[in-house]
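Here's the letter readout for the chains.
Number of protein chains: 2
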Amino acid sequence: MTDKNIRAGEATVADAPADDARLTFIGLIRTPWTDRRDCPRQGSEDGPECTLVVDEAWHPALAGLEAYATIEVLYWLDRSRRDLLTQSPRADGTTFGTFALRSPVRPNPIGTSIVHLDRIEHGTLTVRGLDCLDGTPLLDIKPDRALFIPKALPKPGV
Amino acid sequence: MTDKNIRAGEATVADAPADDARLTFIGLIRTPWTDRRDCPRQGSEDGPECTLVVDEAWHPALAGLEAYATIEVLYWLDRSRRDLLTQSPRADGTTFGTFALRSPVRPNPIGTSIVHLDRIEHGTLTVRGLDCLDGTPLLDIKPDRALFIPKALPKPGV
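Residue numbers (our numbering), protein chains in the order written: chain A, 498 to 655; chain B, 498 to 655.
Quick caveat, the hints were computed from the structure, so don't treat them as lab data. Be aware that one or more of the hints could be misleading.
Note that identical chains are pooled: a pair holds if it fits in a single copy or bridges any two copies.
[Claimed, not checked] The list that follows gives simulated cross-link-like pairs (lysine to aspartate or glutamate, DMTMM-like), each with its CA atoms no further than 25 Å apart:
#, residue 1, residue 2
1, K648, D516
2, K501, D615
3, K501, E618
4, K501, D512
5, K501, D641
6, K501, D543
7, K501, D575
8, K648, D580
9, K648, D575
10, K501, D517
11, K501, E546
12, K648, E569
13, K501, E569
14, K501, D580
15, K648, D535
16, K648, D517
17, K501, E563
18, K648, D589
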């Protein structure tokens, strides 16, 4: 039962099969960070420029996105283990539940960031505010919820 | 080439295989809305109480989450088609790119909401601010990024 890859106080889930739904990568993210130790813990608006390189098939889906100064980006943290229930961020035995952290280690390792959109050129978005490794697979791009006004007519539920 | 399920002006992607990564459902969401037509277009802080029912295996991962008044919730919009490049929200021929909308129809139909956390009892979270159908599969829960302070020591990248 000894697992050398967990820290004092951490716990894992017994069984976490990951086959309830399937994702498709729509592109990839270019950042200055190639080693996990160099990544910031959280992105910053005045961080370096990063790019979202959208696959050509999805370029038409970017139409109209340039109207938003900030956008929400979802990406797949493909190097993360997925079975930790509790984690010890400082490796000192003090633990927090996985859902009480924004750690990349989680059952579905999906990163979400709100980033500043600088420009879109040939399907490549230049942004600031990311915190992920170079080469991270891209899952989705949406207008920042704080700026978005639904385009469709209201429904009964509002 | 005629697809009765798309509106005037909308376009689909030629091929969108979804098998690059796999998700595991960690629970499900209970809301008052059982028909898509009744769901609000966006959740509201003064909307009705909804619950996030977390699977028992993941209950230990909730430890410490009660410290946050607002949390981020990720869920799987399992009834959405995934191949629309452009969409006509008012069905009037005016289209927007999928990534310029917060529509549930997207290549990876993952909903993200910031909700008010009222209480946690026996692995069930009572929240306000959701907009999804009753029975929607739950993917992840994280502290609101605006409230979260990383627990680990800073790294070179900050």
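key: Hints the structure fails to honour   = Hints 1, 2, 3, 5, 6, 10, 11, 13, 16 and 17 not satisfied by this model.
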